[in-house]
Structures are given as C-alpha cells and as structure tokens.
Amino acid sequence: NPCSEYMFLDDSACNLASINLMKFVDADGEFDFAAFEAACRTFITAQEILVDNSSYHTPAIARNSHAYRPLGLGYANLGALLMSRGLPYDSDAGRDYAATITAIMHGAAYAQSARTARDHGGPFPGYEKNREPMLRVMRKHRSAIKDIDKTHVPKPLYERAREIWDECVDLGEAHGYRNAQATVLAPTGTIGFMMDCDTTGVEPDIALVKYKKLVGGGMMKIVNGTVPMALKKMGYTQAQTADILAFIDENETIEGAPHLKDADLAVFDCAFKAMKGSRSIHYMGHIKMMGAVQPFISGAISKTVNVPKAATVEDIEQAYIDSWRIGAKAVSIYRDGSKRTQPLNTSKAAVMRAGVLEEATEAAPMPARHKLPDERQSITHKFDIAGHEGYITVGLYEDGMPGELFLTMAKEGSTISGFADAFAQAISYALQYGVPLQDLVDKVSHVRFEPAGMTKNPDVRFAKSIVDYIFRWMAAKFLSHEAQYRAGVNVAETVTTPEQLTLDVAAMAKSSADAKADDPTPATKPAAATASSLSAIQNQEDAPPCTTCGSIMV
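Note that the numbering used here numbers the sequence shown so that position 207 is 207, with each residue one more than the last.
It is worth saying that the hints were derived from the structure and are not from the lab. One or more of the hints may lead you astray.
Derived DSSO-like pairs: lysine-lysine, alpha-carbon spacing no greater than 27 angstroms straight-line [what the hints assert, rightly or not]:
no. : residue 1 : residue 2
1   : K339      : K146
2   : K232      : K276
3   : K371      : K329
4   : K371      : K382
5   : K382      : K456
6   : K150      : K221
7   : K261      : K273
8   : K371      : K129
9   : K213      : K273
10  : K233      : K261
11  : K329      : K339
12  : K273      : K150
13  : K232      : K221
If you're wondering where the values come from, they're calculated on a predicted model, not measured in any experiment.
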C-alpha cells in the first residue's frame, strides 16, 4: 500500500474499509453512535471473512495475512461531521469530538474481533507469543480515553466510548483477539466521492467551493453540502441561510457573507484559502487532529498537512518536528501550488490554466521524417581498418548535411552484411527524423569491438571498431572543430563546412579528370622512402593508443 496508514509487518496485506460518518447523523443533527457501533461490528466481521477468501500476490504475504489477520477499518467525512455540529476543525472541541468517535470505532472493532476469537476459530495464530504486549497496548488505548475533555463531548457519547473499551479489554483478556490489527485511517481520496462525502478520511474540507479536474477532460464544480446543516445548528434562520448560501455561490467564499457572525467563521475554515478569502486552517490544526485520534488507531493515519504557497523551509521543518512530538506515526506535507496540476483547486481559473497547459503539451508536434530528394549529392569514402576494407556512402541534404548512410563491407558474409544494412538504415532514419549528428557521434563513437586497429585515414589513425570509425569520420566531415576534438578526431587547421562540401562534391570528378590529363603516369616515390615510411608505421603498431582520441602514441 503506497499510502501511509498501513504500517504493519512487511509482506502482509491491507484489508481496508471506510465508513461515511455523515450517514449516522439523524434529523436533529445528532450522531447515532449506536448505529455507528453496529456498522463497525458488521464491517469487521465482513473484513475478517475476506482474509480467508482473498487471493494474495506472494506466498509470504499469504502466510503473514493468515498468521496475523490484519484489518483496517476507518472512516471518512470527519470534516463534514464537525462542521455540521458547528465545531471548528482546528479547535479543542473539534479534536475531542473526533477522538471520541474514533475511540468508539476502535473499541467496537476490537471487541468484535475478540467475540470472533471466542466463537469462530480462536485468536490469530501469532497471538500467543504476542499476548502480553498486545494486551498492554489495549490497556493503553483504554487509558487514552481519560485524555479527552468530556466537557466538549455529549455525555452519552463519551460514556459509551469509555464503556466499550472496558468491554474490549475484558473480552481480549478472556479470549484473545482474532486480528492483530483492526483500524487505520485511509485517505479515501477516490472512494470518498463514491460515498458522497464532502470531506475525505480525517481531512477538513479543501474549500467550500472547489473544482475537480476530470481525467477524461473538463471539470466538475463541487459545493460543500454541509454548510446549511452547520448554519441551522448554530441558530441561523432559513432566510439568513439562503442569503449566506447565495453569497457563497457567487463569491466562492463565506468571508463577508451577510448575517454571519465573525465568531462563527472558524467553523467554515478549510485546508486552502479561498481565492477571495484570507482564512485557512493552520498546519498545526492538521497535526493536532492527527495527535488527537492516533491513540485510538491500530495502524497509522494517511493525512495531508496542507501548508500555503508562502511556507518557508523552516515552516516545513517545524511541521515534521511538531508531528513527531505529538505522536503521529506519519505525516505528508503538501505545499499549495507545488505541482503543475492538482486534482482539486479553489478556483475555476486555476483548473482552466492547468487544462490549457496540458492541451499545449498534448498538442506538441510529433517528429516528422524529412526525406532526401530522389536525386541528391552523396560522398563515398573507402576505409581500411587493420586490413578490413569497406565503403561508406553518405547521402546529403541540400545544405550539405548528412541524411542517409550506406555501409558496404568487402568480403563479408550474409550475417555481417545484414547487420551492416540494418545499422545503416537505423542511422538513416535517425538523421531523417531530426536526431542531431552531434548526438549520434557523442553516443556511438569510441565503441570498442573487433575489427579494430590502424587505419589509412590521417584524421582517424586508430579505430576501436567499424562503428567508431564511421562516426569519427562523419564528425571530421560535417562537425565543428570542438565536436571533432570531443570525438577524438585529429583536428586540422581548417575543416570543410557542409556548404563547401556541397560544392566540393560537384568538383571532385572534374579535379580527378584534370589530374589524370596532366600526368597520365602516376608519380611513384623512391623505394627507399616507401620502405622507410612503412617501417615507421610498423614500428608504432605496439604503441599504446591515446585515451582521448584513440590514436597510436609515439
């Protein structure tokens, strides 16, 4: 599970479920904790049944899931529940109410786990070796009830939380527990919308009016449906409520709404500041809520700690330190605007901007093939690498840059011929689709394999392979001095530019014919000079190559 609520053993499965808290608010706005407790018992029973009826990805996960039978019951819509009762999310009263609800869920889950152990199969296989530590943890859960300020919670709700934990511990001491873990608080980021939640997991609302970007395109305006219940709970009339809701719909904020008392604004504070507002929940409000409910959770809490765009490095550092001090097991900090797009935004304009940006990205042109004309100039070069001869033919664009490559090896078999053709064709396609020759040279030159050795080319005196020779020769013909040096070409004082090469190719045949007409008998060097030159080359054959260019060093 990539979310932070599941911190159980390695190689175990997260069998999770979440309950919509607002489904237990009755017509009078009161929380029906008896129905909630019954739902918790039903969910735990269903999750327990699934342990033996699930498929697991690996044998190790299967073994641990059967040996410890971990479950993860949680809830969603806590932020909406607090708002409906007129309780600010960032308040002691809100935190105590949330802690009591969580204690009931946790106690009901483990009490049902103990009943299942009593009636159906006994405790989980790993229970006996963990019996005393687990019972000690259960007693700590029960003791944490005393830290709740009961003046902030309806008396029947608080008393039931205390009673159910007495039952839970007594049942566990007598029968053990069927499950090593029973509760977590998952983010419910997706299923929360399926359950018609205004808020997800343990989160407050993002904003009273928000826009959700849809994967298939477009957006959806989401308006908090809990505001009317909150206004009614705080004593506002129907007419006043209608005026306030109309103001929110028009301005996308409740700040400045008619009839609303300043003292009641905190009830409607959200994680993000409204576009036309100035209020939001401080990051410590998120962390304190985690600290309030964590004592009544087996696993951990997956929750976002929202910080504003203006948050500093010191603010982020302090948030982590405060989370550790308060006893949270995990914390996920999100800085507003830190990503190019985010699923929920407080303004329509932000979603539109993100959509335009994505459309621009999606509309980026696809690479197009730039074919050479049917008739084009080309240059053919003969090479010799340690006695292995071959021919390179490069077709040229109008500007003199290469657009295709043909490679022919002398005395090669069908296998080498096929590889040479396929390689040359791949390079030709790369050049025609716009891959810079410079990148190909940087990537492929100095590749080492046989045949390798001395060449007759003064620009590439030593080739580490045929491929190395081809690309260093192309660098010498078509690239700058700097690129040639980087490729290990022996750079001359001048280099032929692509434009000059286009003219030179046309003049090559004429200059060759003129040379033959002027001197029909090729000039020959004296035998002594030829022998001396050959001896010099042979004497250098065992010299080490240069580590930069690969040429034999004297």
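(message) Hint by hint, where does the structure go against what was stated? Just the numbers, ascending.
(response) 1, 3, 6, 8, 12
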